[in-house]
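S.K.: Dock chain B against the given chain A, drawing on the hints supplied.
Here's the letter readout for the chains.
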Amino acid sequence: MGSKIVSLGHYQPSRVVTNDDLAQMVDTNDEWIQSRVGIKERRVADTETVADMAAIAAEKALAGSGLHADDIDLVIVATCSSADRSPNVACRVAMKLGLGTPAAFDVNTACSGFSYALALADQAIGAGAARHALVIGAEKLSEITDWTDRSTCVIFGDGAGAAVVSRTADGEEPGISPVVWGSAPGDAIRIESWRPYITQEGQAVFRWATTAIPPIAREVCEKAGYEPADIAAFVPHQANLRIIEPVARKLGVVNAVIARDIVESGNTSAASIPLALSKMVERGEIKAGSPVLLIGFGGGLTYAGQVVRCP
Amino acid sequence: MTREEITAGLAEILEEVAGVNPEDVSEEKSFTEDLDVDSLSMVEVVVAAEEKFGVKIPDDEVQNLKTVGDAVNFILKG
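Chains A and B, in that order, are what the protein sequence lines are.
Using our numbering, the first residue of the first sequence is number 52, and each one after it goes up by one.
Using our numbering, the first residue of the second sequence is number 11, and each one after it goes up by one.
Keep in mind that the hints were calculated from the coordinates and are not lab data.
A virtual CB, placed ideally from N, CA and C, is assigned to each residue, including glycine.
Don't take each hint at face value.
Simulated crosslink set (BS3-like; lysine-lysine; CA at most 25 Å straight-line) [unchecked claim]:
(1) B:Lys87 - B:Lys62
(2) B:Lys76 - B:Lys39
(3) B:Lys66 - B:Lys39
(4) A:Lys301 - B:Lys62
(5) A:Lys301 - B:Lys66
(6) B:Lys66 - B:Lys76
Counterexamples of contact, computed for chain B against chain A with all Cβ distances above 10 Å [claimed, not checked]:
(7) Glu15
(8) Ala18
(9) Asp69
(10) Gly88
So here's chain A without its partners, still in its complex pose (with noise of 0.2 Å):
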């Protein structure tokens, strides 16, 4: 039994941060910003919690499946930038859509969050022990930006994106490839209780992404069932320019459309694919059943990945 992702939501603050707005702040300016990370600008919540992009994102996946939120049985939510410990995400998600009475839990494996949270979706489906899923990657990164250093807070944004995810039909292909996943040893990416801001060593990180992902990008291509240059869009964690282009070049995803969300939104860890996703299929650029890669890649160090099938 196999699952599939039936349709895409995504939610960004409305308040704009531009690289001269950071040049303001500290000592930097737009040009040397998106000569290294290739940002332009990106979004910051105001009042909105984690919960309520979570949730926003989760309304309008929901409402482009046709399901009802009584259908929904399981809320998996990817965040590490949640500041409660209870209630989690994904049942403030459940409470403010009506959701019944779902399977509700939040995993945090940083910026490959997301990738985790669906392969465990998918696997939950088919087991039997869901037929319907909310998976959601979403993050206030902004509230552990330390906005004094200009090596950092130039890099992150705030924002969420959400799938549904339902059980195909009998005799339906999977929608959803079986998961390559893994980690790394490192801790070149931190957010740790003695300093709650994200601190990177960005050489030692650039070099873990350039090297190591586009082997693990082509297993999970290869565990799918394709060759990268039969992909149609590739996916990956919107972590910087100078990496999504060298991994896709190494990778030879020829063919495919490459996201390039970051220009806009920033780096906002586990909800930059569903982000850049749900936008990509909104502006119609991913035709409807085509094969997608998504790999997302960071803190732990960890890694996910897996081809989907464009809803």
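M.R.: Chain B only, in chain A's frame:
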């Protein structure tokens, strides 16, 4: 390998990774100040150098490689 051969190899890498004119590359040149190689391009240079010269250059070491000569010394040692 001689120092000159390593310098020439680094010049090739620098041209490919960061568009540096090979004629500008000499041992006293600083990667960041003189050759305008930023911190991420420096990682690409290091990864390419590891492959070309069969050495391991750990992340901690990268920041100590200020000049082309520093890199030549490190590669000769490794």
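S.K.: For each hint, tell me whether it holds in the structure or not.
M.R.: Hints, one by one, checked against the model:
{"no.": "1", "hint": "B:Lys87 - B:Lys62", "result": "holds (15 Å)"}
{"no.": "2", "hint": "B:Lys76 - B:Lys39", "result": "holds (8 Å)"}
{"no.": "3", "hint": "B:Lys66 - B:Lys39", "result": "holds (22 Å)"}
{"no.": "4", "hint": "A:Lys301 - B:Lys62", "result": "holds (18 Å)"}
{"no.": "5", "hint": "A:Lys301 - B:Lys66", "result": "holds (21 Å)"}
{"no.": "6", "hint": "B:Lys66 - B:Lys76", "result": "holds (17 Å)"}
{"no.": "7", "hint": "Glu15", "result": "holds (25 Å)"}
{"no.": "8", "hint": "Ala18", "result": "holds (24 Å)"}
{"no.": "9", "hint": "Asp69", "result": "violated (4 Å)"}
{"no.": "10", "hint": "Gly88", "result": "holds (17 Å)"}
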